[in-house]
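Q: These protein sequence lines map, in sequence, to chains E and W.
Take the first sequence: its position 35, counting from 1, is numbered 31 in the working numbering, and each next residue is one higher.
To get the working numbering, take the position in the second sequence, counting from 1, and add 7.
It should be emphasised that the hints constitute simulated quantities derived from the structure, not laboratory data.
Please note that the accuracy of each hint is not assured.
Said to hold, decoys possible - In silico DSSO-like pairs for lysine-lysine, Cα to Cα no more than 30 angstroms straight-line:
{"id": "1", "chain 1": "E", "residue 1": "K12", "chain 2": "W", "residue 2": "K196"}
{"id": "2", "chain 1": "W", "residue 1": "K71", "chain 2": "E", "residue 2": "K27"}
{"id": "3", "chain 1": "W", "residue 1": "K269", "chain 2": "E", "residue 2": "K27"}
{"id": "4", "chain 1": "W", "residue 1": "K308", "chain 2": "E", "residue 2": "K27"}
{"id": "5", "chain 1": "W", "residue 1": "K269", "chain 2": "E", "residue 2": "K12"}
{"id": "6", "chain 1": "E", "residue 1": "K27", "chain 2": "E", "residue 2": "K12"}
{"id": "7", "chain 1": "W", "residue 1": "K115", "chain 2": "W", "residue 2": "K250"}
{"id": "8", "chain 1": "W", "residue 1": "K71", "chain 2": "W", "residue 2": "K269"}
{"id": "9", "chain 1": "W", "residue 1": "K314", "chain 2": "E", "residue 2": "K27"}
{"id": "10", "chain 1": "W", "residue 1": "K197", "chain 2": "E", "residue 2": "K27"}
{"id": "11", "chain 1": "E", "residue 1": "K12", "chain 2": "W", "residue 2": "K71"}
{"id": "12", "chain 1": "E", "residue 1": "K12", "chain 2": "W", "residue 2": "K197"}
{"id": "13", "chain 1": "W", "residue 1": "K122", "chain 2": "E", "residue 2": "K12"}
{"id": "14", "chain 1": "W", "residue 1": "K314", "chain 2": "E", "residue 2": "K12"}
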Amino acid sequence: MPTGEGFTADVNEMEKAASWPDGSLPRAINKLRDPVSTLWLHEGFGGRGQRDAAYRAESTYQGYCEVLAELQNEACNAMDATAEALREVVELYRRVDGRI
Amino acid sequence: MASWVTDDELYGAAERCATKMIEMYHDWVGNPDKHPKGPTNLPKTLIDSLRLDAEDFMFFDPQKLVEEYDRVRNIATAIGDNPDLAGDFAETDAHLVNWTGDAATEFKRRLGMIKEYAELQQTNIGEGMRALLMLAQLAMHARSDYLELVEATIAAAEHEIGEQSKRAAIAALSVASEIVDWGLNLDPKKIMTDSVGMLAKVGTAIAQYEIEGDDADVVVDHYLQAKNHLLDSNRNVLEWVAKQFLEQRVDEAVERGQPLRKPLPVYCQVDSPDFRYENFQSTRGGDPGPIAPTVEEERQKCIEEKKEQEQRDSEIDRRLNHGDKGVV
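In isolation and in its complexed conformation, chain E is listed as follows:
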């Protein structure tokens, strides 16, 4: 037996990190993705008068939050791709483990 229980145990460990949705990495992704929709929300700063400069400041702030939301979404997508790649390694090694 060239691999032994160590290999199987390590694949089990990797699966605990990668499995969806309860693996530790997907859980982290969900925690990072949850606030994204809140960053998109904007309830406005209210107010009256001098609307030109105030409107520019408010809309720039809103745009800033939207960029942050988009970046966070991209980061979550990148993490999803990482987790998916790990799951494929797990799947491959399960097949190998089953043969050996």
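Starting from the known structure of chain E, fit chain W onto it as the hints suggest.
A: Quick look at chain W alone, frame taken from chain E:
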């Protein structure tokens, strides 16, 4: 807790000021022919005009800014100071600790990047909160400044009409640019932890404006000059926060997110011929020699099975979407 002059207080003060100005002009009001511009409806016009002036200092509702600050602070905390999230990261590290090779290292490196990104994103959000605090300070100072100006104008008007012998018509107006310096010097950690209570702590340098004159027109001119100065000053800060602060922070935030946008190297991907067991091997799995050929063999089988599955899916899709009738 921070407090600020309300809309009603500002409207009320503006109306009192307008009423006092009308008293200064009482001869003209009573005798329109005496007024050089012939004001036939001066009382109503003046009250409406000062109410509109007051609105120029209500450009933001401080309460809305406080609520927005609290909202984004909760987001920042959920990302950057979340023990559960840190626990998930630590657990992931632990689960992968016995895997080595270039691909395993790359996976671990990306986990490190993601952890770092979460901290950077908290910084990014913190900069948005810094902007909010500056805007909230400006909104509060704008209101109190206008109230101060109006009270000084009322005092000057009372002096002019002989109701007040002692001069008290000095407006102490905050210097709005000081708010920018205050905002830029805020400690990032304090931004996250001090809540809006810190808004009450800010004091800015003040400029003294004397609202005086020998007749009503001069008093009103002084009021207008000081008001326009305040408006310009507020507008400058609003534009600075938008153009010089937030737009620059957008560029920084985009830059901070760059590393994560790079795709995984092909040697990390099972469907790539560059994937090798040696690049992702178990430290407890024994000699990799016997395993590597089996990994490659199974990898090839996986790819073949995926291709077959894709062909089946493609055929099903073709039939479902186009049928056998050749409809396009």
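Q: Taking each numbered hint in turn, which are not upheld by the structure, reported in ascending numerical order?
A: When the structure is compared with the hints, numbers 1, 4, 7, 8, 9, 11, 12 turn out to be violated.
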